[in-house]
Amino acid sequence: MNTEMPSTAVRARLREVLLAAVRGLTLAVTALPCGVVLLLLTPLSFALIPLGIGLVTTPALLTGVRALADVRRRLAAEWCGIRIPVVYEPVPAVAGPWTRIVTQLRDPQVRRDLRWLPVDTTAGFATALLPAVLVFQPLQLRVSGGGDTYWYLFLPVHDAPTSLAAVVLAALLLVAAYRYAPRLLTAHFELVRRMLGGDERELAERVRVLTETRRDAVDTSAAELRRIERDLHDGAQARLVAMGMDLGTIEMLVERDPAQARRLLAQARRNSADALEELRDLVRGIHPPVLAERGLGDAVRALALRLPLPAEVSVDLPGRAEAPVESAAYFAVSEVFTNAVKHAGADRVWADLHHTDGMLRITVTDNGGGGARVVAGSGLAGVERRLGTFDGVLAVSSPAGGPTMVTMEIPCVLS
Amino acid sequence: MRVVLAEDLFLLRDGLVRMLEAYGFEIAAAVESGPELTRALAELTPDVAVVDVRLPPTHTDEGLQCALAARKRRPGLPVLVLSQHVEQLYARELLADGDGAIGYLLKDRVFDAEQFVDAVRRVAAGGTAMDPQVIQQLLARRSAADKPLGRLTPREREVLELMAQGRSNAGIAAQLVVTERVVAKHTSNIFAKLGLEVSDDDNRRVLAVLAHLDQDR
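These protein sequence lines are chains A and B, in that order.
Counting in this note's numbering, the first sequence runs from 1 upward without gaps.
Counting in this note's numbering, the second sequence runs from 416 upward without gaps.
What the hints contain is simulated information worked out from the structure, not anything from laboratory work.
Heads up, a few of these hints could be off.
What the simulated footprint calls covered on chain A by chain B, stretch by stretch (three residues with Cβ under 8 Å from a Cβ of chain B suffice, anywhere in the stretch; the number is not a length) [what the hints assert, rightly or not]:
#1 271-279
#2 294-305
Here are the computed distance ranges between Cβ atoms for each label pair [as the list claims (entries may be wrong)]:
#3 B:484 - A:306: 24 to 32 Å
#4 B:439 - A:347: 46 to 54 Å
#5 B:442 - A:381: 52 to 60 Å
#6 A:347 - B:597: 33 to 41 Å
#7 A:312 - B:595: 38 to 46 Å
#8 B:484 - A:198: 47 to 55 Å
#9 B:547 - A:108: 54 to 62 Å
#10 B:499 - A:347: 27 to 35 Å
#11 B:426 - A:230: 27 to 35 Å
#12 B:439 - A:287: 33 to 41 Å
To list a few chain A residues with every Cβ distance to chain B over 12 Å, as calculated [to be verified]:
#13 56
#14 149
#15 173
#16 218
#17 222
#18 317
#19 319
#20 358
#21 393
Source: prediction; values computed, not measured.
Here a beta-carbon is modelled for each residue, glycine too, at the ideal position from N, C-alpha and C.
Turn these sequences into a full structure, and let the hints steer you where they fit.
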């Protein structure tokens, strides 16, 4: 029983060593050619982008690199229990080849994949092959009696002493294999993790930003709901109550005092008109009808037409963004317009909306007095918060004396 | 007078049908979606179409688009567009072809049946019926920098507003409780101050005023 225990452990270890050697060898011989081909073709494909060919080949190659990396990440988890978290940016489903390439190359994960490729074909290849070399090299050992010389690794073997040295070397290799082969394969996947795994600080920062913007979004929408509730309660609802009361009185008066009944009827009709007007304003504040009917471009045009000053709007949007993004962008532009009219004292504004490289870019310029700043509690800070929910950003250039230029960018896909 | 009516909400459609019939209109068709409206306008050759901007199946501006398309096929087809909200942008698109016979009103205007029916008749006769809100927006926007507009007296401004809505001199006179002659005097003053050519044709006159108010500076 005492002797059986170690022999079981040794057998398990031997199995482990052999497995590491076979796996490493498989990895080395299969992944190396793929890696080398991708490594050579990718720069070539980039170089061919100006000719147009690269526009077609680059996305395919990037997909290939990703597939290679995906397989390695899976093997890392299956063979060595090394988990490599991975997040790729979504690639727009309907997009031109140029947008696709730019979106892909902007993705930090894609860039990590590309950086990993040369490392994998060298250091990665070596660490994968080494366990196999340690295990299988000793098996190739031949003893030479004399005359002909053959090289056993770095040893020229031609007589008894050198043959002995070769035997010792083979034994050393075997010992090294027994001790280190599995660890070497693990080292290979550690290397993969180092190269492919995301930066943790980056992730922590992302989590912080998401937490913050989510809290802001929840706060904002809660405040909006409270405002809507109050507006309905004090406005349309109250007017409908008054109308109902008037109608009741009219019913009673219609025969006794027709003149008074007519007066009340007019009042009831006014109340219903006012209630409608209030509801209309409320709806405009929740989701402007033009936005629903026509999308962002025409909604901003309609907004510009409501301004008490001339506004030029140029729009280049080949499709519509998702409704929440459209809405956020609309209210952002609305706020900036209001600032231009109220605070900057401008007598002309310009708005430009376009979509490039997966970004909705909006620029609003006015010829007012300038001096606009994003300070806590200001309208612009509200805009910044609102855009933040969509990873959008706001930049203000407003020197004293003007002009003021507000630029907003929201990453989004048009459909 | 034969009317094609397009409104997707049953209550409103029903109410409009009853009101128009009470005032002696013949309802050629009362439909509830864009495709049905297009078919009705093509097949029934109505004297006037009363159309809600927002219709199924898209529930966007389907009604407006159908009306504009129908007017492309049949220029000057009288169309009165109704909406829960009015936008200068839409008014501009409706007026763009310069053929007249266009109405664009808030749905609230049906509260006043007399005025609403008057607007339908005006549009059917090739005239214009613009919602007071559209005109107010136009004026608010222009007054800021438009000097000639600033020279109008308050009364002339009132007349201008009613004129831009598409009212005839008689209509304006009735509204302001003055004689037609007084209104005629106001209108000639207004045209002189704004530098517009006087036209005897009421419909041309309205379109000229609207074009003046909506021009981009």
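Results for each hint:
Only residues whose C-beta sits within less than 8 Å of a C-beta in chain B count toward coverage, and the stretch 271-279 of chain A has 4 of them, enough to reach three; the restraint holds. Counting residues of the stretch 294-305 of chain A whose beta carbon lies closer than 8 Å to any beta carbon of chain B gives 5, which reaches the threshold of three, so the coverage claim holds. Taken as a hint, the range 24 to 32 Å holds for the pair residue 484 (chain B) and residue 306 (chain A), whose Cβ atoms sit roughly 27 Å apart. As the Cβ distance of residue 439 (chain B) to residue 347 (chain A) is approximately 51 Å, the hint placing it in 46 to 54 Å holds.
Distance hint check for residue 442 (chain B) and residue 381 (chain A): the Cβ-Cβ separation is about 55 Å, which falls inside the suggested range of 52 to 60 Å. Here the CB-CB span from residue 347 (chain A) to residue 597 (chain B) is close to 37 Å, well matched to the stated 33 to 41 Å. Roughly 42 Å separates the CB atoms of residue 312 (chain A) and residue 595 (chain B), a value that falls within the hinted 38 to 46 Å. Judged by the Cβ atoms, the range 47 to 55 Å given for residue 484 (chain B) and residue 198 (chain A) holds: they are separated by roughly 53 Å.
Here the CB-CB span from residue 547 (chain B) to residue 108 (chain A) is close to 57 Å, well matched to the stated 54 to 62 Å. Between residue 499 (chain B) and residue 347 (chain A), the C-beta spacing of about 32 Å keeps the proposed range 27 to 35 Å intact. Distance hint check for residue 426 (chain B) and residue 230 (chain A): the Cβ-Cβ separation is about 28 Å, which falls inside the suggested range of 27 to 35 Å. Between residue 439 (chain B) and residue 287 (chain A) the beta carbon distance is about 40 Å. The supplied range of 33 to 41 Å therefore holds.
The claim that residue 56 (chain A) is not at the interface with chain B holds, since no C-beta of that chain comes within 12 Å of its own (minimum 35 Å). The claim that residue 149 (chain A) lies off the interface holds: its Cβ sits roughly 86 Å from the closest Cβ of chain B, which is beyond the 12 Å cut-off. At roughly 75 Å, the least C-beta separation between residue 173 (chain A) and chain B is larger than 12 Å, which holds for a residue marked as non-interface. Residue 218 (chain A), annotated as away from the interface, keeps every beta carbon of chain B farther than 12 Å; the closest lies near 29 Å.
Taking the minimum C-beta to C-beta distance to chain B, about 27 Å, the non-interface status of residue 222 (chain A) holds against the 12 Å cut. The beta carbon of residue 317 (chain A) sits about 16 Å from the closest Cβ of chain B, which is more than 12 Å, so the claim that it is off the interface holds. With a cut of 12 Å on Cβ distances, residue 319 (chain A) stays outside the contact zone with chain B, its closest approach being about 14 Å. Annotated as non-interface, residue 358 (chain A) keeps its C-beta farther than 12 Å from every C-beta of chain B; the closest such distance is 25 Å.
Every C-beta of chain B lies more than 12 Å from that of residue 393 (chain A), the closest at about 29 Å, which supports listing it as non-interface.
The structure agrees with every numbered hint stated previously.
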